[in-house]
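Student: Take a look at the letters that make up each chain.
8 protein chains.
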Amino acid sequence: MDYKELIRLLEDYKHSRISQEDAVEKLKLLPFEDLGFARVDHHREVRKGIPEVIFGTGKTPEQIVEIVRSMHRNNTNILVTRTDEAVYESLKKEFSGAEFHVNCKAITIRRSREYTGKGKILVVSAGTADIPVAEEAVLTADLFGNHTDSLYDVGVAGMHRLLSERERLQAARVIIVAAGMEGALPSVVAGLVAVPVIAVPTSVGYGAHFGGIAPLLSMLNSCAGLAVVNIDNGFGAGQLASLINHL
Amino acid sequence: MDYKELIRLLEDYKHSRISQEDAVEKLKLLPFEDLGFARVDHHREVRKGIPEVIFGTGKTPEQIVEIVRSMHRNNTNILVTRTDEAVYESLKKEFSGAEFHVNCKAITIRRSREYTGKGKILVVSAGTADIPVAEEAVLTADLFGNHTDSLYDVGVAGMHRLLSERERLQAARVIIVAAGMEGALPSVVAGLVAVPVIAVPTSVGYGAHFGGIAPLLSMLNSCAGLAVVNIDNGFGAGQLASLINHL
Amino acid sequence: MDYKELIRLLEDYKHSRISQEDAVEKLKLLPFEDLGFARVDHHREVRKGIPEVIFGTGKTPEQIVEIVRSMHRNNTNILVTRTDEAVYESLKKEFSGAEFHVNCKAITIRRSREYTGKGKILVVSAGTADIPVAEEAVLTADLFGNHTDSLYDVGVAGMHRLLSERERLQAARVIIVAAGMEGALPSVVAGLVAVPVIAVPTSVGYGAHFGGIAPLLSMLNSCAGLAVVNIDNGFGAGQLASLINHL
Amino acid sequence: MDYKELIRLLEDYKHSRISQEDAVEKLKLLPFEDLGFARVDHHREVRKGIPEVIFGTGKTPEQIVEIVRSMHRNNTNILVTRTDEAVYESLKKEFSGAEFHVNCKAITIRRSREYTGKGKILVVSAGTADIPVAEEAVLTADLFGNHTDSLYDVGVAGMHRLLSERERLQAARVIIVAAGMEGALPSVVAGLVAVPVIAVPTSVGYGAHFGGIAPLLSMLNSCAGLAVVNIDNGFGAGQLASLINHL
Amino acid sequence: MDYKELIRLLEDYKHSRISQEDAVEKLKLLPFEDLGFARVDHHREVRKGIPEVIFGTGKTPEQIVEIVRSMHRNNTNILVTRTDEAVYESLKKEFSGAEFHVNCKAITIRRSREYTGKGKILVVSAGTADIPVAEEAVLTADLFGNHTDSLYDVGVAGMHRLLSERERLQAARVIIVAAGMEGALPSVVAGLVAVPVIAVPTSVGYGAHFGGIAPLLSMLNSCAGLAVVNIDNGFGAGQLASLINHL
Amino acid sequence: MDYKELIRLLEDYKHSRISQEDAVEKLKLLPFEDLGFARVDHHREVRKGIPEVIFGTGKTPEQIVEIVRSMHRNNTNILVTRTDEAVYESLKKEFSGAEFHVNCKAITIRRSREYTGKGKILVVSAGTADIPVAEEAVLTADLFGNHTDSLYDVGVAGMHRLLSERERLQAARVIIVAAGMEGALPSVVAGLVAVPVIAVPTSVGYGAHFGGIAPLLSMLNSCAGLAVVNIDNGFGAGQLASLINHL
Amino acid sequence: MDYKELIRLLEDYKHSRISQEDAVEKLKLLPFEDLGFARVDHHREVRKGIPEVIFGTGKTPEQIVEIVRSMHRNNTNILVTRTDEAVYESLKKEFSGAEFHVNCKAITIRRSREYTGKGKILVVSAGTADIPVAEEAVLTADLFGNHTDSLYDVGVAGMHRLLSERERLQAARVIIVAAGMEGALPSVVAGLVAVPVIAVPTSVGYGAHFGGIAPLLSMLNSCAGLAVVNIDNGFGAGQLASLINHL
Amino acid sequence: MDYKELIRLLEDYKHSRISQEDAVEKLKLLPFEDLGFARVDHHREVRKGIPEVIFGTGKTPEQIVEIVRSMHRNNTNILVTRTDEAVYESLKKEFSGAEFHVNCKAITIRRSREYTGKGKILVVSAGTADIPVAEEAVLTADLFGNHTDSLYDVGVAGMHRLLSERERLQAARVIIVAAGMEGALPSVVAGLVAVPVIAVPTSVGYGAHFGGIAPLLSMLNSCAGLAVVNIDNGFGAGQLASLINHL
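Protein chains in written order, with my numbering: chain R, 1 to 247; chain S, 248 to 494; chain P, 495 to 741; chain D, 742 to 988; chain C, 989 to 1235; chain E, 1236 to 1482; chain V, 1483 to 1729; chain A, 1730 to 1976.
Everything labelled a hint here was simulated from the structure, so no lab data went into it. Remember, predicted model here, so these are calculated numbers, not experimental data. All C-beta atoms, glycine included, are put in the ideal place defined by N, C-alpha and C. Just so you know, not all the hints are guaranteed correct.
As the list claims (entries may be wrong) - Stretch by stretch, here's where chain C covers chain P in the computed footprint (C-beta under 8 Å, at least three residues): (1) 614-623; (2) 698-707.
To be verified - Partial list, computed: chain E residues near chain V (C-beta under 8 Å): (3) T1292; (4) K1294; (5) V1300; (6) Q1405; (7) G1426; (8) A1429; (9) L1451; (10) N1465; (11) D1467; (12) N1468.
Based on the provided sequences and hints, a complete structural model is requested.
Tutor: This is the structure we're talking about:
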């Protein structure tokens, strides 16, 4: 029930076009149907341009095509994460704008290119193998309407390079750092800048790395005031960065 | 070595007041002495008002008094976290402005009351027992120069109350949510607002709660795009919120 | 806003005693204020007699007295779990009906003795040291309006006794089994009856027991179709049993 | 040895048709052979219609066919869980009524369609990827003689839809909720109804989800009084729901 | 119901001293009452001399005194493990033979000194701090009727001594080895003898020892064919050793 | 250096056929070369018939063939565990007596059929899927010279059958029980007999089973005095059972 | 910027060939560009011959070829770890000196054969299946300019052999020991020598081995003063050994 | 049996002063008694000055005094770790040279002040609260005959200071770094020097620090080639550093 319907209902009741019982019955549904709209209402400007997102894991190509079809009416950007080439093959038959990003296994259907974020989001990655996670973050931030920049391969061996890229670090309004292994890079970056740093532990490593637990714990225990997200969660990092960049 | 000293050194060398060896020797120290100043330099306005912070665990009262004494010269606010009454007794003899915040076991020495953050930081807690963590966050955000508000005891049983406080939720530019037990509150709050939500898992719970692991995992796995910090880390949440609120 | 207020609002609007803007404004709050009442409305008979419950851990005596005072108006039974003698001393000054149950460290204030559950809830415990958890379950089930029975100390060594108490097992409509150590008792009980068995792992054990993880995993992996609750969560077991026993 | 045989044995002995030694020898076997029958005896009505169940993991097609053959004599429904198409191919040659449920990888052979459960069991799932677990629960509840309903895809993004389906929630006598990710849905559902909610954590997630540990811990720590079963254990949830629904 | 009673019942029925109903009713209880006796029957000689054992943790002095009183009639040895001086003070008033073993916090009441085990049980400990666990094993083995010997402080530094005690190692029929730290000693001992070695990990250690997990895992992964028991479970080791030594 | 060589060396020195230096040099190697022989010496009768064992995981067919070739000279039985058909194909070309046991993926080359164990070793398994582990135990016990018996599929549903097989349980001198899921079977078996029970947790299960951790913890926390071995370690159980059965 | 450039810059400024602004601007970059060179400066002799290393996991053949191409200019040895045959096929087209080490899945391109380490590094492995990790260590140590020796298959069963190889143990200046299972071998080796022992836990094992956690914990808890590296980290062990061997 | 005794035995046999049986019997003990001496023999110079060490945890003052008394004869330095003032009070009555080091709860009795290590061992700590662990390392290295230096409080905030202490870093032959929190400091230090770095994780932290697991995992996953020891194991770090420093 939207705003117009609510007013129409009040008018209907005032002019006795519906009974008291019917009015109450419909109004009792308000709490359930209106939670979402209340929110959109207050933050319309923020939410404009927010893409529809589908978490691809465990969904069949048919299920994904069907969901995309239902979303397509809204004219927003569409992002499918953790998907694969088979899904892409199914989608592109129907949606010619679909693009497959092979590195991070994401599909995008871009309808709007409006950039509403206030500054630039920089995505840094420690090693070559962390790039897929970093690219998921870049893609997400971009689709959510933010200008992005990226700086890859600046781990322990590349610290030198990180320092020489000072200008790009300082040009960013929010920084995302994806790192596997011992996960020390986000703390180092946070020590060089004065903007929020979002840390994404990656599952890149072996042995006592435990699929990302080692860098996750490093980041949670850092004194550098990091915003930590789930292991390999490039999407979440991009989404959070966008939220901050729209403030 | 600051900017002025660097120029003086160049001039001294140009005018042969120091030898080439001495100049090189001093310049070779640049990498080591200048990392910090480069940073302050670019973000001076942001960093003004940042309090000095001491993590109190494992430090004797004597060690803390000595550290505070050395900090006191800088005229910034001072915050001692995870400390106790004994340390407070030692500190207040020398620093009459010291205050002990018994709930979150923190000591503050306030020298500046300038508020530089752009909006208000709201701190929400799920249960009465989460209040100490929430208060550490409030205190930190306040000392870092932010206006704060707080909303306690709005967990599962209090969801009703959370919803009725919609105005305060919407007045915040950044929201911190401290929650123990199953840690679902931050996701719920993030579903109601369009600003960044910082989630602090607390160690309040028992059994399969494992001292905060349960809510920590909940928050990391939330689809709501949360910025997660360490268990019971009210300070870190406040620091991160302040960083975002100064953007 | 309750049912009467909603109708009054409609009437006020119909008779132009309030403006359209005011009506809409008040109705927009409906979702937030009405969630709870909708629920009570439909299940009034079930919820009658549900006691107010306070989780005592991390609350000061003053906080608990204040909460109890605010609850006392509703004339329901009151249960404080995981509390201590000091809280009891504070409470009994004001609430003469307060009782302290030393075994399970709970306080009750009983206002109603109506039994609305359809059958009997039997609480079984494996060892003497599991009794506090079992008693919390008994107390909870009783305060939620259920007849209860208990059968203690029927672990491995007492299997014999369990079997000889067949009649009491078969007289129960719901059975709660609290067990530490390897936690096998709930499976055995579930093999002897055809009613739901709620399994409560307890923290009684040592070494590779890990504070209750061993029996928790046993119970989750049982083929016997158990309803598992948190370690030492006698309260949750009693609450769940009551819910089932009121069907 | 059943009731009739026991009486015949007594008579045989009384009339000296068997020796004392033989009588004692046969009676000494009673404890071992009678445990089960004692149980069936008392709950015959409840257990009628309980299907035979085979846990398919780790069993060869030959082993499963052989087990089904031995069960088939009893004329009950048969359920094979966690199996695959190869087993189905083997089974359907011999048992024409066998059906393969591809989503949840289960095979059913239905012999009875009697519905003995008192109310309806509703199965809710948070995301599309949780559907296989939800369907295992639906299938199990159905085969155990219960009317079922299902409500899929009502996670965080679909909360709105959950609320709009109030009638179906309230029409259920028992509710099963399958959820991966942070596992918050069962708590939310339990807050809206007054019937038992069985929570099934699923292994859908990644990173710090640890194959279902995150939602499992959430559910165990919920204040909502949930009945928790093992990760991905749709079968166990269906079985427990049926037990409750037959009370 | 024991053997004699069973025969008497048959005779009573044969001679019509009891009705058919009564006979059936009593026989139906057989499964429940007879499980234990069947066992004792076959292994009477083995079980003679088995002490009654009370796990002291979580029991009040009053509860323990009451249990001991009920056991005292059977004239067996009595062992209370994981108890304390307060319990001892309560017990010795009533049971003059009670002895407190301060090292392993156990109380014994010895009534029989018959040694029925076939060989000698040797208890080895790695470090001084493992002695309490070792002594619990010695005490248990002794009370279960076995001759014992002990060899303490033969860890890494004491390997030399272990090798020089070859005769005592070879004189044992069963060996128990208690070890904390990395828990390598049981493997070494098992490499020197050809009798069963029971490995008891102890909680002696720190850091990545995790209260005994490190040696527990070492022992479970040893190629030496160890019989592993729970961390600090000297009692279980003694009981198992006794069982083997009575073969 | 064996016994004869030692004496020859002494004689050679006595009769000055070798220098003092040479004698000392050779004797200094004694500690290193003799550890093993000393052991064989004392327990020759026990060790006779002990098969050579190869742990197959991570070894190439070539490596295994080469090891078997070197062992073949000793005329003992040979057991290759955790291997596969490819290794078998390589082995049987050279060793015609090689047999592949497909269930437990073991290869045996049998040279001796002498049975030296004193009693019978019974191997019990809870479910069909635990059979491979159970069969590894049977095979091992058999190759180590023990008579064996096996009793499969006697888990929760089959308890009835377990009890009806009382005679076979009581005929065993040592019992091995392999169980996955919640791992309760070994405790139940140990409650019915008075001989040592070796518990083997299996990795059969899912979810909170964690690849065998659930039954492992159950078994370690059992009060039944079990001898626990590693998850899926049928070999270790058979080896330990043989050691006990040769006492 | 290296030493010569720094002096030239000073001279340029002295002789007014560049402006003050330019000089300052270039000097401000010093901290960032010079960290590495400062280090090389002081330890030039040590670092000469240090190979370039690429961690292959998660990198495509194209990425690796590109990295190698950029490294090739430096004329150092090149080591690619955790790679595969496909990468080798790509590399060898361009770099004829590339060698594939199939056991440890490493590729080397050797340009220098200078040995700068002071002594010999001995690599010991417990079992055949640990050889790949051991060989990665040997290869690394060799490429870093150290003479190496190796001693494989000296685990529990091979202790005898270890002791008989005393001379080789004593000829080493640093020893690396790779061991899976319970991981006891490094402690034993460290007990026999007086040089640093680097312990590498391997993932060889099953069940409660947890992919190498068991030997990792053993090694961390050893009293033998081991230097522990990550599970399966043969490279790290070789690198650390080389560092020590160059002292 | 030492070298002289071995020769005397050979002579006794040659001259028929002992029988062949006696000679063989004594020689058969060689393996057991000689392991240790072989070692001392070859590394005498290294081991001279190695102090006797007692791990104090779990030992009574009486036990420690007795052990010290037996060690005192050897005239080496003596170190008691993880002890307390009560033990010190007992010791100093008898050993006037005993000193109590209150920070790291260690007692030393110094008999020799000979420094045999080749270079200097530097101990770095991240925070004030890590100092006790660092001091245990300093004390150990010193007692093992090494010159030491220490550099405290150079964590994240103190990075600046670390860099400014370049000379002291470069003066060290071995560096020990103790760090809690996220444990990043050892990697940073290792990036600045070309000598072995021993990393000691400390238990200083909270929440997802898990008593030192977070920095332990960081250090194990570092690319910097660290030698890791157990959490809080200052002693082990000192011992390992000394071993390296004596090469």
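Student: A separate judgement is required for each hint: does it hold in the structure or not?
Tutor: Outcome of the hint check:
1. Counting residues of the segment 614-623 of chain P whose beta carbon lies closer than 8 Å to any beta carbon of chain C gives 3, which meets the minimum of three for the stated coverage.
2. For the segment 698-707 of chain P, the stated coverage by chain C is satisfied: 5 residues place a CB nearer than 8 Å to a CB of that chain, which reaches the threshold of 3.
3. Below 8 Å, beta-carbon pairs count as interface contacts, and T1292 of chain E has one with chain V at about 6 Å; its hint therefore holds.
4. Proximity of K1294 of chain E to chain V holds as hinted, the smallest CB-CB distance being about 5 Å (cut-off 8 Å).
5. Evaluation of the V1300 of chain E hint against chain V yields a violated restraint, the C-beta minimum of about 12 Å exceeding 8 Å.
6. Using the Cβ-Cβ criterion of 8 Å, the hint placing Q1405 of chain E at the interface with chain V is not satisfied: the shortest such distance is roughly 30 Å.
7. Proximity of G1426 of chain E to chain V is violated relative to the hint, the smallest CB-CB distance being about 25 Å (cut-off 8 Å).
8. With 8 Å as the threshold, the beta carbon of A1429 of chain E stays out of range of chain V, its nearest partner Cβ sitting at about 28 Å, so the hint is violated.
9. Annotation: L1451 of chain E was flagged as interfacial toward chain V, and the flag holds, the nearest CB pair being 6 Å apart, inside 8 Å.
10. The interface hint given for N1465 of chain E is met, as the beta carbon of that residue sits about 4 Å from the closest beta carbon of chain V, less than 8 Å.
11. Given hint, D1467 of chain E at the interface with chain V, holds; its Cβ is 5 Å from that chain's nearest Cβ, closer than 8 Å.
12. Taking 8 Å as the C-beta contact cut-off toward chain V, the hint placing N1468 of chain E at the interface holds, the least distance being around 6 Å.
Of the hints listed earlier, those the structure fails to meet are numbers 5, 6, 7, 8, in rising order.
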